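Novice: Required output: the full structure, derived from the provided sequences and hints.
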Amino acid sequence: MIPHWATNATFEGVFAASPVQTVSPLSYLISSGAKADHVLPLTWGVLAVSVAVVAIISILLIGAIWHRPGFALAATTLPVERPSSGLNWLWIGVSLSTLALLATIVWTVKVLADVAAPPSKPSFTIEITAHQWWWGVRYLSADTSQSFTTANEIHIPAGTPVQFRLVSSDVIHSFWIPALTGKTDVIPGQTNEMWFDAKAPGIYRGQCTEYCGLEHAKMQMLVVADTPADFAAWRAHQLQSPAPPAGYAIAGQQSFGTYCGSCHTVRGTDAAGSLGPDLSHLMQRHTLAAGIIANTPQNLADWIADPQAVKPGNLMQRPEISTAELSRIRAYLQTLN
Amino acid sequence: MTITDYERAPTVSTGDGNRALAERLQRIWETEPGLKGWLSTVDHKEIGLRYIFTAFAFLVLGGVEALIFRVQLAQPNEHLLTPEQYDQMFTMHGMTMIFLYAGPILSGFSNYLWPLLLGARDMALPRLNALSYWIYLFAGLFLYAAFAIGFGPNDGWFNYVPYAARAYNNGPNIDFYSLGMILLGISTTVGAINFVVTFMRMRAPGMSINRVPILVWGTLTASVANIFAIPAVSLAFFLLWMDRNIGTHFFDVPAGGQPLLWQHLFWMFGHPWVYAIVLPAMGMVSDGLPVFCRRPIVGYSAVALSTVATMVLGFGVWVHHMFATGLPTISLSFFSAASIIIAVPSAVGVFAWLATIWTGKPVFTTAFMFFASFIMLFTIGGVSGFMTGSVPVDWQLTDTYFVVAHIHYVLIGINVFPVAGAVYFWFPKFTGRMMDERLGRWNFWTMFIGFNLGFFPMHISGLLGMPRRVYTYADGMGWDTLNLITTIGSFVFGIGVLMLIWNVAISYRRGRPAGDNPWDAPTLEWATSSPPPPYNFLVIPTVQSRHPLWEERLNEQPKDQRSYPHAGLVLEQGKEAIGTTPLDAQPDIILKMPGDSPAPLIFAISLTVIFVGLLITTWWLVALAALATAATMIGWLWPERKLGETAEPAVHG
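If you're matching them up, the sequences are chains A and B in order.
Throughout the first sequence, residue numbering follows numbering that gives the first Met the number 0, covering 0 to 336 in sequence.
Throughout the second sequence, residue numbering follows numbering that gives the first Met the number 0, covering 0 to 652 in sequence.
Derived from the structure by calculation, the hints contain no laboratory data.
Hints are not guaranteed to be accurate.
Counterexamples of contact, computed for chain B against chain A with all Cβ distances above 12 Å [unchecked claim]:
1) Asp15
2) Glu29
3) Ser207
4) Ile245
5) Gly315
6) Trp441
7) Pro531
8) Pro532
9) Ser596
10) Leu620
11) Ala630
12) Thr631
DMTMM-like, lysine to aspartate or glutamate: derived pairs with alpha carbons at most 25 Å apart [claimed, not checked]:
13) A/Lys109 with A/Asp36
14) B/Lys591 with B/Asp15
15) B/Lys591 with B/Glu639
16) B/Lys360 with A/Glu80
17) B/Lys641 with B/Glu29
18) B/Lys558 with A/Glu80
Values in this document were obtained by computation on a predicted structure and should not be read as measured data.
Ideal placement from N, C-alpha and C gives every residue a C-beta, glycine not left out.
Specialist: Have a look at this one:
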């Protein structure tokens with residue numbers, strides 16, 4: 000039986016409002032950004048050349064085998080001869096191939112140059128820190144009071160390029176949002192820079208694509224492209240500390256500090272750990288556990304009760320605490336708007 | 000004037016029907032029966048068959064691993080394997096297929112065939128040949144010992160750091176992999192040297208380098224490449240082993256180590272290796288296909304040169320495995336262009352094979368079907384490689400199932416299909432019996448349909464964004480049906496491989512007798528009996544063209560300039576072979592060949608014990624085994640009178 004958290008049915012709500020097609024959310028045969036727009040025609044182009052080559056060679060092969068009537072099953076029944084040198088095949092075939100290859104090289108270099116730099120200067124920079132098996136997202140600003148951190152969900156304003164700095168806290172990962180940008184590896188000890196944009200508001204899925212250990216499969220993320228106004232509002236909200244809890248959730252905040260605070264941060268509280276994702280505005284996010292389950296009350300309860308059941312091998316241990324305490328913590332987390 | 004035994008002028012004879020000579024050579028060359036003989040034989044045919052048998056065993060193991068995780072991937076959210084089990088399984092699968100099957104299977108065929116193709120009595124360095132096999136076997140067992148005790152390598156076959164470093168991978172898994180790969184590298188290097196020396200020294204008189212079969216070009220090229228490429232990977236694994244065990248920091252990021260150093264070292268080896276495990280297989284097709292088209296291959300020189308060109312270019316494209324690592328655009332452009340232009344020599348091969356079929360008269364044997372279908376599979380694997388050569392496209396394709404499809408079209412299409420064809424083609428020579436052609440038809444179509452059914456959909460799941468190396472995936476991604484088809488196809492393909500093995504087994508017992516040359520093929524291996532005697536040829540053939548056994552019918556040379564497949568030098572005064580000059584193969588010297596010896600086996604065992612000692616970091620064991628290895632080497636190299644190493648050999652007046 001498949002546990003309910005493992006099915007994607009819960010994702011439908013996430014994508015219902017999204018203009019992005021959800022049949023194959025990681026397909027790279029659609030593009031939704033200026034950068035991806037440059038690359039996609041080249042992808043279709045080389046794909047078309049490839050299909051044509053396979054078709055031509057297959058036809059020639061079948062023709063070569065069957066263009067003579069009748070065939071033999073034993074070699075010894077046919078004479079040996081050299082009917083023609085056959086070298087014309089080489090001259091023609093190799094010349095045409097070389098032309099196609101040279102044209103592809105020119106096109107490739109052209110596209111490389113096109114996507115090397117954004118069309119306009121990016122308005123800000125986001126630093127992505129890859130961890131086993133989640134993504135830290137920090138919005139950088141020259142004025143550090145304007146910087147903030149979130150996780151696994153990247154909001155950007157639609158229509159403008161954003162600069163990204165990619166760093167890793169442990170092993171090599173790879174950052175990939177198929178509809179917006181190809182992969183850039185995230186390598187410890189070096190900072191890789193790249194940019195991308197989204198043409199229209201929507202939600203785009205991403206996935207780690209460099210094998211990074213046990214939960215490589217479940218290291219995903221979302222990019223949420225907002226209208227500029229929505230983005231500004233979101234950003235302003237993120238800069239605030241979450242409102243202090245009330246009632247039942249107050250005890251939850253204490254338990255959270257005791258059991259969770261050494262790994263997780265909630266801005267404006269004593270919880271200031273950095274081993275796990277920043278949870279300051281957890282309820283604003285669409286997903287939990289690095290993009291793999293929808294952020295619903297039930298999923299949240301399941302996740303904190305036994306993270307190892309949802310994502311075996313991940314670094315968040317199953318907490319050895321009472322269900323009462325768990326439900327208090329959950330109540331507190333649900334106040335983090 | 001006195002001349003030594005090496006410079007004497009041997010008699011020239013036809014050898015035909017010379018029973019006394021045959022018996023004498025048999026006595027000189029045969030391996031003594033019993034276990035001792037079995038363990039100490041240096042006969043290239045025996046070693047070649049052992050290589051083939053062992054490689055097939057690993058093929059089956061790697062295949063079973065693949066089928067197990069294909070069950071896991073057949074549907075979304077399957078839990079047959081835990082993530083750790085899955086990771087070991089896919090790593091073992093890749094490592095097994097690439098290092099323990101694909102390379103060694105070709106070494107096996109080449110070991111068996113080279114001396115026969117070249118009209119020689121043995122490889123140039125027979126004991127080194129035995130050593131190469133034993134080390135391969137022990138390295139394979141070493142790597143599988145890890146898996147058997149639950150600590151199989153778990154970081155993928157290219158084993159990126161720092162995930163492979165102690166900090167993230169604390170068990171002995173990666174130590175097994177590092178040491179096993181260094182050990183295996185010794186085997187491959189030793190084997191490669193042997194092929195190069197054999198090529199330069201052992202060709203029959205008259206077989207100038209423009210007359211050798213293409214398979215010889217393929218293996219030679221691969222061997223030269225291996226000699227240059229393997230040091231890079233052995234070094235990388237040694238550095239990693241030191242990082243993990245004695246506290247060095249080559250890849251240790253906090254201490255200033257460089258993860259990309261690993262990638263450069265690995266792929267400087269890894270990419271040439273990919274060519275090394277396909278070029279000899281392409282050579283098999285270049286030699287086998289024309290036999291069933293009843294004409295010499297179109298464009299011999301172009302095909303031979305394109306083999307070499309592929310390998311030379313192959314050393315300049317390793318960065319295409321690293322397009323997403325953040326390298327500067329200018330170097331990406333260079334490596335992109337190189338990776339695309341390397342398709343040109345491949346096009347030479349494809350059009351040469353097509354032209355050979357088109358202008359020839361196809362004979363529909365099972366071997367022909369495997370060879371001909373290879374052209375199509377090679378093209379599919381080639382164009383998907385061409386696509387990944389284009390950097391911006393590769394940023395999307397890389398690390399998705401598209402690349403998984405690509406590597407399997409390359410390795411199965413260009414290695415397994417030609418090898419299967421080669422089994423059908425050369426089995427009669429190996430055993431003296433024909434394989435069952437009816438079962439062969441079934442075998443071919445099952446493999447062909449199963450393979451395409453299983454692996455073609457991977458292109459599409461890749462284009463739909465399925466990342467490689469995921470132990471499971473959610474539903475709703477558009478991958479469900481494709482993965483189910485892939486799993487079904489993999490099982491069909493697996494059944495096809497079993498049919499091949501089954502056909503070998505039954506044909507070995509009751510196949511129709513083959514005779515010397517059942518396919519009416521043109522090259523020298525078909526000029527001797529099936530299976531060949533221990534000495535291969537009664538007299539050393541004399542060669543004047545690329546197809547000695549077809550000369551009369553092709554009628555392209557004057558009658559007095561034709562080869563003598565059954566006439567030439569008689570070398571019967573001990574275990575002797577003729578050494579010829581490197582380019583023109585003019586007779587140069589008589590070589591005294593070493594006899595059977597247990598030294599290679601003992602050497603390989605003590606060498607393996609060194610690696611076991613390194614694995615468990617038990618230095619006294621390492622020291623002890625090193626002493627044993629050194630002692631064996633001294634014993635091995637101890638001058639032998641028979642080989643003329645002690646004093647002046649017999650002198651003829």
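Novice: Evaluate each hint against the coordinates.
Specialist: Results for each hint:
1. No Cβ of chain A approaches the Cβ of aspartate 15 of chain B within 12 Å, the least distance being about 22 Å, so the stated non-interface status holds.
2. Chain A leaves glutamate 29 of chain B outside its interface by the beta-carbon criterion, the shortest separation being 31 Å against a cut-off of 12 Å.
3. Once the 12 Å rule is applied to beta carbons, serine 207 of chain B is consistent with being away from chain A; the minimum gap is 20 Å.
4. Separation of isoleucine 245 of chain B from chain A is adequate, the least Cβ-Cβ distance of about 21 Å exceeding the 12 Å criterion.
5. Non-interface status of glycine 315 of chain B relative to chain A is upheld: no Cβ of that chain comes within 12 Å, the nearest being about 14 Å off.
6. For tryptophan 441 of chain B, the shortest C-beta to C-beta distance to chain A comes to about 15 Å, beyond the 12 Å cut-off, and the non-interface label holds.
7. In this structure proline 531 of chain B is separated from chain A by more than 12 Å, as the shortest Cβ-Cβ distance comes to about 20 Å.
8. Taking the minimum C-beta to C-beta distance to chain A, about 24 Å, the non-interface status of proline 532 of chain B holds against the 12 Å cut.
9. At roughly 40 Å, the least C-beta separation between serine 596 of chain B and chain A is larger than 12 Å, which holds for a residue marked as non-interface.
10. Distance to chain A confirms leucine 620 of chain B as a non-interface residue, since its nearest Cβ pair spans about 32 Å, more than 12 Å.
11. The beta carbon of alanine 630 of chain B sits about 43 Å from the closest Cβ of chain A, which is more than 12 Å, so the claim that it is off the interface holds.
12. Listed as a non-interface residue, threonine 631 of chain B keeps its Cβ farther than 12 Å from every Cβ of chain A; the least gap is roughly 40 Å.
13. With a C-alpha separation of about 14 Å, the suggested pairing of lysine 109 of chain A with aspartate 36 of chain A holds against the 25 Å cut-off.
14. Using a Cα cut-off of 25 Å, the hinted pair lysine 591 of chain B and aspartate 15 of chain B holds, with the two alpha carbons roughly 24 Å apart.
15. A threshold of 25 Å between alpha carbons decides the hint, and for lysine 591 of chain B with glutamate 639 of chain B the separation of about 11 Å falls inside it, so the pair holds.
16. Proposed proximity of lysine 360 of chain B and glutamate 80 of chain A is supported: the alpha carbons are some 9 Å apart, at most 25 Å.
17. Note on lysine 641 of chain B and glutamate 29 of chain B: the hinted pairing holds, with a Cα-Cα distance of about 16 Å set against a maximum of 25 Å.
18. Using a Cα cut-off of 25 Å, the hinted pair lysine 558 of chain B and glutamate 80 of chain A holds, with the two alpha carbons roughly 17 Å apart.
The earlier numbered hints are all upheld by this structure, with none contradicted.
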